[in-house]
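Engineer: Protein chains in written order, with the UniProt record's numbering: chain A, 1 to 409; chain B, 1 to 409.
Just so you know, these hints were derived from the structure itself, not from any lab.
Take these hints with a grain of salt, some might be off.
Repeated chains share a single entry, so a pair holds when one copy, or any two copies, can fit it.
Quick list of in silico lysine to aspartate or glutamate cross-link-like pairs, EDC-like style, CA-CA up to 20 Å [said to hold, decoys possible]: (1) 317 to 201; (2) 334 to 323; (3) 317 to 205; (4) 371 to 360; (5) 334 to 229; (6) 334 to 210; (7) 317 to 145; (8) 371 to 223; (9) 317 to 395; (10) 317 to 223.
Keep in mind that this is a model prediction, so the values were computed, not measured.
For reference, the chains in residue letters:
Protein chains: 2
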Amino acid sequence: MDITALTRRRMLQVGGGGGAASLAVMAGGRAFAQSRGVSVEGQPLPEGVNFPETPPRQRRADSVGIAVVGLGDYALNQMMPRFDQAERVHVAALVSGNRDKLRRVGEAYRVPIGSRYTYDTFDQIAQNDGVDAVYIVLPSGLHAEWTERAFAAGKHVLCEKPMALNPAECERMIAAGRRAGRKLMIAYRVHFEPHNVRAMELMREGAVGDLRALRAEQANVFERTTPSENWRLNSALAGESPLEDLGIYGLQAALYLSGEMPESISAQSFRPAGDPRFAQIAASMSSQLRFPSGAIAQLATSYDSLGNNFVDAHGTKGAILLDPATSYSGQTLKVDGGEGRPPRMLTPGDPEQQFAGELDHFASAIRDDSKIIVPGEMGLRDVRLITAINLSARERQTVRLNSDGTVRG
Amino acid sequence: MDITALTRRRMLQVGGGGGAASLAVMAGGRAFAQSRGVSVEGQPLPEGVNFPETPPRQRRADSVGIAVVGLGDYALNQMMPRFDQAERVHVAALVSGNRDKLRRVGEAYRVPIGSRYTYDTFDQIAQNDGVDAVYIVLPSGLHAEWTERAFAAGKHVLCEKPMALNPAECERMIAAGRRAGRKLMIAYRVHFEPHNVRAMELMREGAVGDLRALRAEQANVFERTTPSENWRLNSALAGESPLEDLGIYGLQAALYLSGEMPESISAQSFRPAGDPRFAQIAASMSSQLRFPSGAIAQLATSYDSLGNNFVDAHGTKGAILLDPATSYSGQTLKVDGGEGRPPRMLTPGDPEQQFAGELDHFASAIRDDSKIIVPGEMGLRDVRLITAINLSARERQTVRLNSDGTVRG
């Protein structure tokens, strides 16, 4: 059996960091192809992790205890340090295949030994009453299976994007949550980022008039690496192109800025011949989405094009530009009101609030039964659209869609 | 017979001013539909025309005498004032249907009474030895017919873009020029604009590495008007969408920056229901072009979206942004060399050189038999691509192309 280490390199902060984890997976062999690999082996601690210098703050009585599944770069460097900025969450357990890392991270975050699990012992988490919920921050291809295992253990689930690699997996995840009577939220952090939230409001308020053209690109250049070294290049774990993990931000933006679902999609993928990085997935995916209003979204994403992360909406009366749009920090929001007036730069808040905002939204859903604005159904919707884009690119034809994102017969 | 005055409003300077003319055309009736209207009636002098305050400078012995056909806003406000910036051209004759305007413009540019023609007397220009060439600056739908008449009169032709509204017309124009043994150049002024010329050089030098994504939008919002009031909204004169007159700049840029011809096209047009402006043509056209190298161009153009005129090329190692890209003046060129270095702004020259550069290029072709870099064959190529984009939008399907831009059977 071919167990190959996956190393995770630090990516440009262009918003592609969600869903990261350090795991070794079975990258070849029949068993892997059939089950999409559960066999996981811990990776060393990523370089450059800053552990908290002070103990976690006093937690509220109703704080939600979360088990973090996958201790990779995004978990350790982005999400976990932000738990203390949220009101009602705390790190209650850790799951990793590397016992040394488990110990070091456990000590840094004051997670008791009894709440540190390996992938082999994960199912025992069902007996841990301190764990209310599980945060799945594994490679995309593993989301479905570990979400189902978390629900089987009676926990709520916060799952990284993309929800999964095909609609059937998403439907299984939603069904598992319903059976368990537990919440399922997709970790779409940008819905809690002030510049994006303000852009959504501006669009609803008609700031651009009638929307005509939406453009987005999320791109970066991957270092020389291979599908066995980096899960994002591995089709079983990452899907068919950068769209699943990176371009999904632009796709999401097209939906939350337009407030519509596309009625047709034309897509083109590209794979540079002979490039070992792109032996399994396409390097780029470009798509054109037509909305019922007539607005057109032109989206591009690539792992082989200069770092770029913008979202741009033009309408009959104005324009909105987010650049960078979906990064961890540094967002800018420019609004052009037309009529020759100079564009305005808006600063609606600190972009880094997005992490805590996401966590507290999840906590409220669990504690107050409040509505999740980024539920599993949204994850399913987006995976349907990704599937349609992949289909259009593969068949080199325009694909027509039903209003739920399924492909029209 | 329904003779309707076409008024030409001053457009936002987003590069859509080429090919303008003040004409009244038969906008309805069978005669018009059959012949696409030759019957023309002079329009008043556009508002805000600045005539030259000094007489034309001493002309060189080999200066090319040009008859300007169509005295609209673009001819009077952009091109004619730039003749004196060129080395080897002069305004030798004028053609207009409005005798008062003919007199006033003729006096301002010192064009003798005997060299002022109406559309009815145009064919007499054959006997005017002071006229070497004809500059066709009429609505697009009239280019073919007046180009053929100019060749029949034995003159060289500089014809505004788009060359014509379908490939058959372009082929007739090219054949007429060959029969007459006269030059045919398309007035693609941007090929003489220093920022665009520098961008072409940078692309050839590999400044972006391997090209991955090209984006362009050329858009503006038309005032409330109708197809009978404005030729650009009249399908017989303007084609099927803003692509023919305005979006052609982005299409051209995709070709001259990539150095390639697309192998397939997916396009989407949009016409807002009940809007009297868009009774005949689409308001917007969005297209996605796939090049053999794998680069994708995403183009958008609209007469109903906030003023926008940019061209953006991203590759594996860098990016180039022209914004505005194809306007009469004000171009900026930003080059991002990647690797975290700040982008550089380049100032390769005065954008307003483009008009004189275009005129002198034409003069050289006539006097020195030098090669035309924007010949009728390029105009035909682009009209083929416009035809393919229109076809894709109409049929809502991806269209595959031969390397000459014709649609693959």
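Engineer: Does each hint fit the structure? Answer for all of them.
Structural biologist: Here's how the hints hold up against the structure:
1. 317 to 201: within (16 Å within a copy, 36 Å between copies)
2. 334 to 323: both (8 Å within a copy, 16 Å between copies)
3. 317 to 205: For residue 317 and residue 205, only the intra-copy Cα distance (12 Å) is at most 20 Å; the inter-copy one is 39 Å.
4. 371 to 360: within (12 Å within a copy, 68 Å between copies)
5. 334 to 229: neither (39 Å within a copy, 36 Å between copies)
6. 334 to 210: For residue 334 and residue 210, only the intra-copy Cα distance (18 Å) is at most 20 Å; the inter-copy one is 30 Å.
7. 317 to 145: Close neither inside one copy (47 Å) nor across copies (38 Å); limit 20 Å.
8. 371 to 223: Neither. Shortest intra-copy (40 Å) and inter-copy (44 Å) distances fail the 20 Å Cα cut-off.
9. 317 to 395: neither (37 Å within a copy, 30 Å between copies)
10. 317 to 223: Between. Shortest inter-copy distance 12 Å satisfies the 20 Å Cα cut-off; intra-copy 41 Å does not.
Hints 5, 7, 8, 9 from the list above are not met by this structure, while the remaining hints are.
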